[in-house]
Amino acid sequence: MIPGLVAIAFLVIPLVGLLAEAPWGSFGAILTSQVALEALRISLVTSVAATAIAILIGTPLAWLLAREILPGTRVLRAMVIVPLLLPPVVSGVILLTAFGRRGLVGQWLYTALGIQLPFTTAGVVIAETFVAMPFLIITMEGAFRSLDGRFEDAASTLGASQWTTFRRITLPLVGPSLVAGAVLCWARALGEFGATITFAGNFPGVTQSMPLAVYQALETDRSTAIALSLVMLTVCIVVLVALRGRYLRPAST
Amino acid sequence: MMINTNFTAHRGEFTLTLNAQFEAGTVVAILGPNGAGKSTLLRSLAGLTAIDTGSIVIDGVTVDDARNIFVSPPARSVGFVFQDYALFPHLTVLANIAFGPRSRGGGRKASNQIADEVLAKLGIAELADRKPGSLSGGQAQRVALARALATKPDVLLLDEPLAALDIQTRAQVRLHLSEQLETFSGCTILVTHDPLDAMLLADRVIVLENGAIVQDATPVEIARRPATPYAAALIGVTLLRGNITRGELTLEAGGTLYSADLGAVGPVLAVIRPESVSVHRVQPEGSPRNVWPGTIMALEASHDRVRVQVAGPPAVVAAVTPGAVAELGLAPGTRVWLSVKAVDLDVYPTHLDPTGAR
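Protein sequences appear in the order of chains A and B. By the numbering used here, the letter at position 71 of the first sequence is numbered 71, and the numbering carries on one by one without gaps. By the numbering used here, the letter at position 343 of the second sequence is numbered 343, and the numbering carries on one by one without gaps.
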C-alpha cells in the first residue's frame, strides 16, 4: 500500500506545486499578452488542422488495417505505432530528412512547386499530425474491428451501396470511437513539443505553439510559463472529463 | 420464379458443392451440423460470398457465373434474415425496416409508409419507435423478418431464424414465422440445425453434410428414411398429425395415443423418437400409457442400432440394438407389441389459434 501512496504523492504534488505558484493576480494580463494570444492561436489552428487531417486519412487507414485488406497488415500496424514510441525530437529529425528543403520529398516540393514546409505554420501541422495520428488510427482500428461485419452485410443485402452503408451504418456505429480518437489525437497535437521545435522551429507568431511558448517563457518569465501551463492543464482535465466514460473506468476486456 | 444453382464456393479451407433448384412458393430447409456449409450456401445466394465454379441463376438471370458475371448484393432481389438478426442498433425499428426501401431509391416518406405497412402486416406496429436493444428475442426476430420483407424480395433467406430464442418463445415465434412464410410468394430458403424447425416450417428438406447434399426430400420422407447416421439421429423420428384434447391425441392416420402434455389443444404434430419406442413379443403390462400391436415391415441397420419400421396403426419407427433383434427374433412380418410412455410423446401445435378453427 505504501508504494502506491508514494506514487499518488508523486503524481499529485507537482500539480499542487503548479497551483501554489500560479500568478493568480496577473493571470488575466499574462493570458492576454501578445505572446500568449499568438501561441494560443497557433496551437488551436494547428492542432485542429492536424486532427482534421488525421480523421480524413487516418480513418480510412484504420479501416484497411481492421479489415486486413492490404498485404503486410502487421508490418503496417507496427509502422503506425512507431511515432508513438519514438522520442518526438527524433520524429522531428525524421520529418526534416523527408520534408526538409534538402529532404527526400522536400527538395522536390521546393524546386518543383516552391513549397517549403520546415519553419512554417504548415510545418507545425505536419509535425503534430505525424505524432498524433497514431492515437486516432489505433482507436478507430479497434472500433472497426469490434464492429459486427453482419451490419454491413445486412445493409448491403437491403440494397445499400458501399457509400450509403458507410455513411448510414458504419460511421454512426463507430461514431463514439471517432470522437474519442479525435479528442485523444487533438490533445496529443496540442501538447506536441519535440517534433515541432525540431522540424518547424520556434518563431513567435509563426510556429511558436503553447508548449514552445511555455518552454521559452520559463527562461525569461517564470510566471508566464506557469500561467500557460495552467491553461494546458485545464485543457487536459476537460478532455479527461469529456472522455470519462471511456478511460476513467478499468478496462473490461 | 425459380433459382437454379450448380456451383462450388469456399470459405477458408472448406468447400461447398451445391446442385439444386428452388421453386417459388416453397419453403426449403437446409439442415445440417455446424460447419456443413449452410451459411456459405446462403451467403453465396445473397452475393456476400463469390462462388468459385459453376453458376447461380435467379429467375432466369445469371447473378454469378464464377467468371465475368457477379451481381452485387444490393442489386439482387434477396431478403436476408441474419442469425441474431443484425438489426442496426442505432436506428429505430421503423428506420431499420425503412432502410431497405430507402436504399433502393424510395423517398423518406414512401419508405416509412412501406415500413408501417409491413409492421402492421406482421402485427408489431407498436414496436415502430423502439430501438433494437429494447426488444425481446421474439420481437427482434419479427422485426428482422419485416426488414427483409420490406424490399419485396423474390428470394427470402433465413439463417438460423430461431436459434437465438429460448425454448418457450421458440414455439410461439416458429408458428408466427410459419404463417408469414405461407403468405410469401417467392423462394424461401431456411438454414437450421434444429430438425423441428425443418419439419414444421419446410415443404422440402435438404440435408447438408461436409459441404455436400446427402439427402433432398420432403420432411416426412426424410423422417422415415434418413440417409445418414446424422439424419437418422436428428430426424429419423416418427411424425404423426392429429388433434389433441387434454392429453388425448386422435391421429389422422387412425388410432389414439396419450401425451403427458395436458395443456395443448387442437391440431398438433406429434414426434416420437425411435429410442422411446419399446418392442415386445407379448402384450406388455406396465406404466406406459401407449401400448398397441403392429407388424414389422422392415429392419435397417444404422450404425450401432437397428431401425425397425412397424405398421400400426399408428406406424412408427423403433430403434433397438442388434442384440435385441436376435433375442426377440425380429424379422419382417413378425407380429409385435409396441409401447411408448406418455412423457415421450412430444406434441407441437401447428396452428396459432388454440381452438384450431382457422
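One should not assume that every hint holds.
[Stated by the list, open to error] Derived EDC-like pairs (lysine to aspartate or glutamate); straight-line CA-CA distance at most 20 angstroms: (1) B:Lys131 <-> A:Glu152; (2) B:Lys152 <-> B:Glu275; (3) B:Lys109 <-> B:Glu126; (4) B:Lys152 <-> B:Glu209; (5) B:Lys131 <-> A:Asp148; (6) B:Lys152 <-> A:Asp148; (7) B:Lys152 <-> B:Glu182; (8) B:Lys131 <-> B:Glu117; (9) B:Lys341 <-> B:Glu275.
For the record, the hints were derived by calculation from the structure and aren't laboratory data. Given the structure is predicted, the values throughout are model-derived calculations rather than measurements.
Item to complete: List, from low to high, the hint numbers that the structure doesn't satisfy.
Response: 2, 4, 6
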